[in-house]
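*Asks:* Heads up: the sequence lines are chains A and B, in that order.
Be aware that the first sequence starts at 153, since it is given in our numbering, and climbs by one per residue.
Be aware that the second sequence starts at 61, since it is given in our numbering, and climbs by one per residue.
Derived by calculation from the structure, the hints in this document are not laboratory data.
Check each hint, because a few of them may be wrong.
[Claimed, not checked] Pairs of lysine-lysine residues, derived as DSS-like cross-links and limited to a Cα-Cα distance of at most 27 Å, are as follows:
#1 Lys126/B / Lys103/B
#2 Lys285/A / Lys190/A
#3 Lys103/B / Lys313/A
#4 Lys319/A / Lys205/A
#5 Lys208/A / Lys237/A
#6 Lys319/A / Lys216/A
#7 Lys121/B / Lys209/A
#8 Lys178/A / Lys126/B
#9 Lys319/A / Lys208/A
#10 Lys281/A / Lys86/B
#11 Lys103/B / Lys285/A
#12 Lys299/A / Lys313/A
#13 Lys121/B / Lys208/A
#14 Lys103/B / Lys289/A
#15 Lys209/A / Lys126/B
#16 Lys126/B / Lys208/A
#17 Lys86/B / Lys313/A
#18 Lys299/A / Lys319/A
#19 Lys299/A / Lys218/A
#20 Lys121/B / Lys218/A
#21 Lys178/A / Lys121/B
#22 Lys121/B / Lys237/A
#23 Lys343/A / Lys91/B
#24 Lys313/A / Lys178/A
#25 Lys91/B / Lys339/A
All figures in this text were calculated on a predicted structure; none of them were measured in a lab.
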Amino acid sequence: MTDEELYNECLEGDEEALSVLIDRYKNPLYAYLLRLTKNQETSEDIFQTIFVKLLKKKQKFDDKFKFAPWIYTMAHNAAMDFFRKENSRKEISINDIISKATGGDFSQPPSYSFEISKDPGPDTLFERKQLMKSIEKAFNRLSDDQKEIFLLRHYSNLSFKEISEIKKMPIGTVLARMSRAMASLRKILEKDKNLMQ
Amino acid sequence: MSCDLDEDIILYHYNELPAERRERLKLHLEKCEECRSSLQALKAADNWLEETTPVIPDSVKSAIMKTNEFRHINIRQYFKTVTNALIYTAAAVSLLIFCSFLRPDRHAKGNVVTAELLEASITEIENDMTSYDSLGDIFTAE
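Just chain A, same shape as in the assembly (with noise of 0.2 Å):
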């Protein structure tokens, strides 16, 4: 079923539906928010407060209507509302909460917050580290607007025209913004390059 069709199940009081509506998106969504914000628990209860919304409207939707724009609109919304009410932002990286999660050990899976692929990587495990910490700081170094569009591209999955609906700005100003993360991601990656071959 679509995503539409699911929504408009849930409408009905279809549970199975509402389950399987929240599992296509548990991940995706919940990932975007958290990179976006930072904060665990903020993205948490954001998650948790669209998919409220989305219940509380008791209207079905038409066959013009589409969900996953929707959705990620009210998530984008409600990370730019975050955004106000923090003044500072505590600044996560990753590789600590995977080193909570571990405690250190990255030869075993992370206990709860991430998966790591199974997908081949570099041969030896400390190469794939260094890869991970050296993307990670050329994305950390990224402007909020310029990881926010690559997050927002990365895991909606829209096209760059939604989003630029969704961001309400011309999709001209959207690319232009993925291009200038393009362009620092390869600045600092090419000094780690023979780490991406």
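Here the structure of chain A is known, so what remains is to put chain B in place on it, guided by the hints.
*Replies:* This is chain B only, laid out in the frame that chain A set:
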């Protein structure tokens, strides 16, 4: 960046580049190291995001499933179902009652029964009157 193909590289990486520009970019990437590095940077960042995807705790999903909003939807649906069932039942009963009055043979049968009862009553009354007449004759004769 001198090539001025940043947007094309980005759209290409996310499979949004129109076909006519895709081949041109591919040819360019074979010759331009800087553009290849840009594309690799995008891929590396996306791979890193994919490899370190945070997982939301199950408790959040459980909280949503138990939320009052969803319970209210279920309660509303329950009452809606019950109300609909009552309306349909009432409509069916009304239809049956209406149909019962429309059946001609039963109506005629009812009339026949009524007529028979009336006739019996009339006969009884006539008999009574005859008796009263007889009594009158007795008194008159005296």
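*Asks:* If a hint holds in the structure, say so; if it does not, say that too.
*Replies:* Against the structure, the hints come out as follows:
1. For the hint pairing Lys126/B with Lys103/B, the CA-to-CA distance comes to about 40 Å; that exceeds 27 Å, so the pair is violated.
2. Between Lys285/A and Lys190/A the CA atoms are separated by roughly 17 Å; this keeps the pair inside 27 Å, and the hint holds.
3. The suggested pairing of Lys103/B with Lys313/A holds, with an alpha-carbon distance near 21 Å, which does not exceed 27 Å.
4. For the given pair, Lys319/A sits about 20 Å from Lys205/A by alpha-carbon distance, which is consistent with the 27 Å threshold.
5. Of the supplied pair hints, the one linking Lys208/A and Lys237/A holds, its CA atoms being roughly 25 Å apart against a limit of 27 Å.
6. Proposed proximity of Lys319/A and Lys216/A is supported: the alpha carbons are some 20 Å apart, at most 27 Å.
7. For the given pair, Lys121/B sits about 19 Å from Lys209/A by alpha-carbon distance, which is consistent with the 27 Å threshold.
8. With a CA separation close to 16 Å, the supplied pair Lys178/A and Lys126/B stays within the 27 Å bound.
9. Restraint check: the Cα-Cα separation between Lys319/A and Lys208/A comes to about 24 Å, which is no more than 27 Å; the hinted pair holds.
10. With a C-alpha separation of about 31 Å, the suggested pairing of Lys281/A with Lys86/B is violated against the 27 Å cut-off.
11. Of the supplied pair hints, the one linking Lys103/B and Lys285/A holds, its CA atoms being roughly 16 Å apart against a limit of 27 Å.
12. Between Lys299/A and Lys313/A, the direct Cα distance comes to roughly 17 Å. Compliance with the 27 Å bound is thereby established for this hinted pair.
13. For the suggested pair Lys121/B and Lys208/A, the alpha carbons sit about 16 Å apart, so the restraint of at most 27 Å is met.
14. Only pairs whose Cα atoms come within 27 Å are accepted, and Lys103/B paired with Lys289/A is accepted, the gap being roughly 16 Å.
15. Distance hint between Lys209/A and Lys126/B is fulfilled; the C-alpha atoms sit about 17 Å from each other, no more than 27 Å.
16. Using a Cα cut-off of 27 Å, the hinted pair Lys126/B and Lys208/A holds, with the two alpha carbons roughly 14 Å apart.
17. At most 27 Å may separate the alpha-carbon atoms for a hinted pair to count; Lys86/B and Lys313/A meet this at roughly 23 Å.
18. Between Lys299/A and Lys319/A, the direct Cα distance comes to roughly 13 Å. Compliance with the 27 Å bound is thereby established for this hinted pair.
19. Under the criterion of a C-alpha separation no larger than 27 Å, the hint pairing Lys299/A with Lys218/A is consistent with the structure, at around 24 Å.
20. Restraint check: the Cα-Cα separation between Lys121/B and Lys218/A comes to about 22 Å, which is no more than 27 Å; the hinted pair holds.
21. Simply put, Lys178/A and Lys121/B have alpha-carbon atoms about 8 Å apart, close enough for the 27 Å limit, and the pair holds.
22. Straight-line distance between C-alpha atoms of Lys121/B and Lys237/A comes to about 26 Å, which keeps the hinted pair within the 27 Å bound.
23. Restraint check for Lys343/A and Lys91/B: satisfied, since their Cα atoms lie roughly 21 Å apart, inside the 27 Å limit.
24. The straight-line distance between the Cα atoms of Lys313/A and Lys178/A is roughly 24 Å, inside the 27 Å bound, and the hint therefore holds.
25. Between Lys91/B and Lys339/A, the direct Cα distance comes to roughly 19 Å. Compliance with the 27 Å bound is thereby established for this hinted pair.
Hints 1, 10 from the earlier list are contradicted by this structure; the remaining hints agree with it.
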